[in-house]
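Each protein sequence line maps, in turn, to chains C and W. Just so we're aligned: 53 in my numbering is position 53 of the first sequence, and the numbers increase by one with no gaps anywhere. Just so we're aligned: 78 in my numbering is position 78 of the second sequence, and the numbers increase by one with no gaps anywhere.
Simulated from the structure, these hints should not be mistaken for lab results. Small disclaimer: the values here were computed from a predicted structure and weren't measured. Keep in mind that the hints are not guaranteed to be accurate.
[Stated by the list, open to error] Distance ranges between label pairs, derived from CB positions: (1) C:Glu58 - W:Gly139: 30 to 36 Å; (2) W:His100 - C:Gln26: 22 to 28 Å; (3) W:Glu169 - C:Arg67: 27 to 33 Å; (4) C:Glu58 - W:Ala34: 38 to 44 Å; (5) W:Ala194 - C:Ala94: 33 to 39 Å; (6) C:Glu58 - W:Arg146: 23 to 29 Å.
Note that beta-carbon positions come from the ideal geometry of N, C-alpha and C, so glycine has one too.
The lines below spell out each chain.
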Amino acid sequence: MANAPGPRMTLPTQLVLRAMLAEPTQEMYGLQISQTAELPSGTIHPILARLEAYGWLESRWEDADPREKHRPRRRYYRLTPDGTERSRAALARAQTPKALLERLRPDLAGGV
Amino acid sequence: MTRPRDEGPARCDALRPAVADVAGILQVVTQARARADHLNAENARAREVAVLVFDLDIALGHAHALTDDVDIDGVLALTVALDRILDLDLRCEPQRELVHDIQVARTLCDDLATTLAGAAQVVTAPERTEVRPGLLPLGMMRAAVRVLPARHRSRYDQEFRAERAELVEQPGCAQLSYALRQLLRSWHLRIVLADALAAPKQDRGAAP
Chain C
1 MANAPGPRMT
11 LPTQLVLRAM
21 LAEPTQEMYG
31 LQISQTAELP
41 SGTIHPILAR
51 LEAYGWLESR
61 WEDADPREKH
71 RPRRRYYRLT
81 PDGTERSRAA
91 LARAQTPKAL
101 LERLRPDLAG
111 GV
Chain W
1 MTRPRDEGPA
11 RCDALRPAVA
21 DVAGILQVVT
31 QARARADHLN
41 AENARAREVA
51 VLVFDLDIAL
61 GHAHALTDDV
71 DIDGVLALTV
81 ALDRILDLDL
91 RCEPQRELVH
101 DIQVARTLCD
111 DLATTLAGAA
121 QVVTAPERTE
131 VRPGLLPLGM
141 MRAAVRVLPA
151 RHRSRYDQEF
161 RAERAELVEQ
171 PGCAQLSYAL
181 RQLLRSWHLR
191 IVLADALAAP
201 KQDRGAAP
């Protein structure tokens, strides 16, 4: 399963996956992921949508009352078990030079 | 012509290979842009080509900026722009040469980043400008949501508004920047969502 083809491993996609693999079971919302991956917010949602379409991610609405929180509900994303396995395999195959990743996210460049 | 930001003979020597990389990048991205003009006239998927042309213009702008001042922030900006183009997943026959150009430029960016990392380039943060908050971010977000397929609008409207609410405590420029980025990338998101609709989840093992 981990060897099945998946989304193209662009640099932003790798950064998103590395950010999520840092805590694979933790749910994160879009802005949180973009801040963790240090990517512009507009870049995140197309990547999340593609990963979700591939079944690597799953998402759900926050269990909270918007009136109590004084804001709309967040959409939380989490790696699926299959997505976790396939992400790790895809990142291991990715050819991005370490210099680039270190410059972008020093704490994520060491591996997942 | 490409020049290092800081003086120093040793650093200039270390950066010398970067000049050829920048020239190569500019050449192939310019060539890709010319190919996109050709596609624009012939390709039936007008929206996809419009996004491609938009992203290519951004990439070309970053490439031109590198000829004035080569630094790793500029290379990273160009790298992300090129990856966005590759992320469009262009697979039509006439687009293959263009994708090849982008992949060549992407490889040159990797080489350039490695050169610059070796030269220990000093990076300075861009200047920040304060922008007063207002209705503009809200209007931009609404426009971004309207671009999306109808069945996804409600979800992303709520999702974007929830994320914008996180920025309330930050300066107005943060909200404006957030809304502008969502608007600029909304066509890209639309394409991804449309592709997801066209390819059911049971086929997701196939190449995207």
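_33 to 39 Å as the expected CB spacing between alanine 94 of chain C and alanine 194 of chain W, which holds or is violated_ = 26 Å, violated
*Quick one: are glutamate 169 of chain W and arginine 67 of chain C within 27 to 33 Å, going by C-beta?*
For glutamate 169 of chain W and arginine 67 of chain C the Cβ distance comes to about 20 Å; the hint is violated.
*Per the hint of 22 to 28 Å, is the separation of the Cβ atoms of histidine 100 of chain W and glutamine 26 of chain C within bounds?*
39 Å, violated
*Falls inside 38 to 44 Å, the C-beta gap from glutamate 58 of chain C to alanine 34 of chain W?*
42 Å, holds
_Taking the Cβ atom of glutamate 58 of chain C and the Cβ atom of glycine 139 of chain W, is their distance within the range 30 to 36 Å?_
32 Å, holds
_C-beta pair glutamate 58 of chain C, arginine 146 of chain W: status relative to the range 23 to 29 Å that was hinted_ = For arginine 146 of chain W against glutamate 58 of chain C, whose Cβ atoms are near 27 Å apart, the range 23 to 29 Å holds.
In this structure, the earlier hints numbered 2, 3, 5 are contradicted, and the remaining ones agree with it.
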